[in-house]
Amino acid sequence: MTHFRIPRASNRKRIKQLNITSLIDIFTILLVFLLKNYSVEGDIVSISPDLNLPAAAVEKKPNRDFMVTVSKAHISAEHVHVVDLNDVDQAGLSIPELKQEMVNHRQKIEKFQETNSSIAFTGKVLIQADEEIPFRTIKQVMFTCGESGYQDISLVLRKRE
Numbered sequence: 012m013t014h015f016r017i018p019r020a021s022n023r024k025r026i027k028q029l030n031i032t033s034l035i036d037i038f039t040i041l042l043v044f045l046l047k048n049y050s051v052e053g054d055i056v057s058i059s060p061d062l063n064l065p066a067a068a069v070e071k072k073p074n075r076d077f078m079v080t081v082s083k084a085h086i087s088a089e090h091v092h093v094v095d096l097n098d099v100d101q102a103g104l105s106i107p108e109l110k111q112e113m114v115n116h117r118q119k120i121e122k123f124q125e126t127n128s129s130i131a132f133t134g135k136v137l138i139q140a141d142e143e144i145p146f147r148t149i150k151q152v153m154f155t156c157g158e159s160g161y162q163d164i165s166l167v168l169r170k171r172e
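The opening position of the sequence shown corresponds to residue 12 in our numbering, with each subsequent residue numbered one higher.
No wet-lab data here; the hints were simulated from the structure. Any given hint could turn out to be false.
[Stated by the list, open to error] Each computed PhoX-like pair below joins lysine-lysine, with the alpha-carbon atoms no more than 20 Å apart:
#1 135 with 150
#2 135 with 110
#3 27 with 47
#4 110 with 122
Please work from the sequences and hints to get the whole structure.
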């Protein structure tokens with residue numbers, strides 16, 4: 012005679028509960044990690060890899076304004092090559108190629124301002140310069156900025172560690 016086991020009804024109806032405590036712990040740790048590493052600001056200023064910025068006691072973060080970069084090889088405005096550093100006249104104060112680029116940019120903003128009143132020309136400029144660039148060249152860039160209507164000049168520096 013064969014014996015069959017009759018399943019009990021109580022075993023069939025019992026629902027197995029899933030223990031999700033450890034899963035919630037993992038997600039909590041992951042959430043805290045992601046929140047701590049999340050930056051709302053993003054990259055305000057993208058620094059060219061060929062630049063070695065001078066170090067200083069930096070107190071405030073820069074705003075995203077018109078960017079002039081002075082590397083060892085060239086001067087660029089808003090990541091667009093303007094003039095080679097060797098072609099800059101060391102005798103004069105102004106850099107005509109940079110001035111033309113900056114005036115063009117200012118005119119574009121002023122043209123947009125006619126149709127969109129929320130866009131305004133602020134006259135702010137950020138200058139990134141390699142720490143080995145002579146002060147004379149930086150002074151020429153600053154003079155050209157002022158001549159082009161960009162009166163609010165800021166230098167981008169690396170925070171001293």
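Which of the listed hints are broken here? 3
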